[in-house]
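K.L.:
The sequence shown: position 56 = 64 (the numbering used here), numbered continuously.
Rather than coming from a laboratory, the hints here were simulated on the basis of the structure. Any given hint could be a false lead.
Pairs of lysine to any residue residues, derived as SDA-like cross-links and limited to a Cα-Cα distance of at most 20 Å, are as follows [said to hold, decoys possible]:
1. K54 - T86
2. K75 - F109
3. K75 - G63
For each label pair, taking beta carbons as the anchor points, the in silico distance ranges come out as [to be verified]:
4. K137 - G111: 26 to 36 Å
5. W138 - Q66: 14 to 24 Å
6. A70 - R126: 20 to 30 Å
7. L62 - E112: 29 to 39 Å
8. G135 - V73: 14 to 24 Å
Just so we're clear, the structure is a prediction, and the values are computed from it rather than from any experiment. We treat Cβ as the ideally placed atom computed from N, Cα and C, and that holds for glycine.
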Amino acid sequence: MQLIATIIVPLVVGIVFGWLRHRRSGSVAGNTTSTHLLLSRTEAEKLVDELAALGYYQYSDAADVNKLRDDLMDSLCTHGTISTIYDENDEFPLDYRYYSFDGESLFEGEGFSDMIGRMQGTFGRMGVKWN
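Produce the entire structure from the sequences given, and follow the hints as far as they go.
P.N.:
If you want it as structure tokens, here you go:
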């Protein structure tokens, strides 16, 4: 159940923001030249609070949560997208949720194995043992 929530919650949030972004832009999809905010700070804060209540930051280090929340609110307001902050040393997401993989790197060579390897920090925090 926890694994489903880890996958489903970000997916649903992404769909909602895509829809909000399209609805608020009032223009052709993909037009990012608009200078107005896609979400107000209050709306973004409410959404981030709801994500936090669902456990979105449960795998993050407590010291990183405030800056992750601020970054996500800024991204939602200005771009209508979910974002994260990556560790400068190892380039892993500080929220242990937002991994970026494209289809080419995922399905060529050892791409899938590499992806699973990069996600070991998240799996470990979830208590999932991987051999």
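K.L.:
Between K137 and G111, does the C-beta distance stay in 26 to 36 Å?
P.N.:
28 Å, holds
K.L.:
If you draw a straight line from the CA of K75 to the CA of F109, is it 20 Å or shorter?
P.N.:
23 Å, violated
K.L.:
Check the following: the C-beta atoms of W138 and Q66 are separated by a distance inside 14 to 24 Å.
P.N.:
19 Å, holds
K.L.:
Kindly confirm whether 29 to 39 Å is satisfied by the beta carbon distance between L62 and E112.
P.N.:
Hint holds: Cβ distance 32 Å, inside 29 to 39 Å.
K.L.:
Just tell me: holds or violated, for the beta carbon distance of G135 and V73 against 14 to 24 Å?
P.N.:
20 Å, holds
K.L.:
Check the following: the C-beta atoms of A70 and R126 are separated by a distance inside 20 to 30 Å.
P.N.:
Given about 23 Å between the Cβ atoms, the range holds.
K.L.:
Are the Cα positions of K54 and T86 separated by 20 Å at most?
P.N.:
Given that 20 Å is the threshold and the Cα spacing comes to 16 Å, the pair holds.
K.L.:
Please work out if K75 and G63 have their alpha carbons no farther apart than 20 Å.
P.N.:
16 Å, holds
Going through the hint list in order, the structure does not satisfy hint 2, though it satisfies all others.
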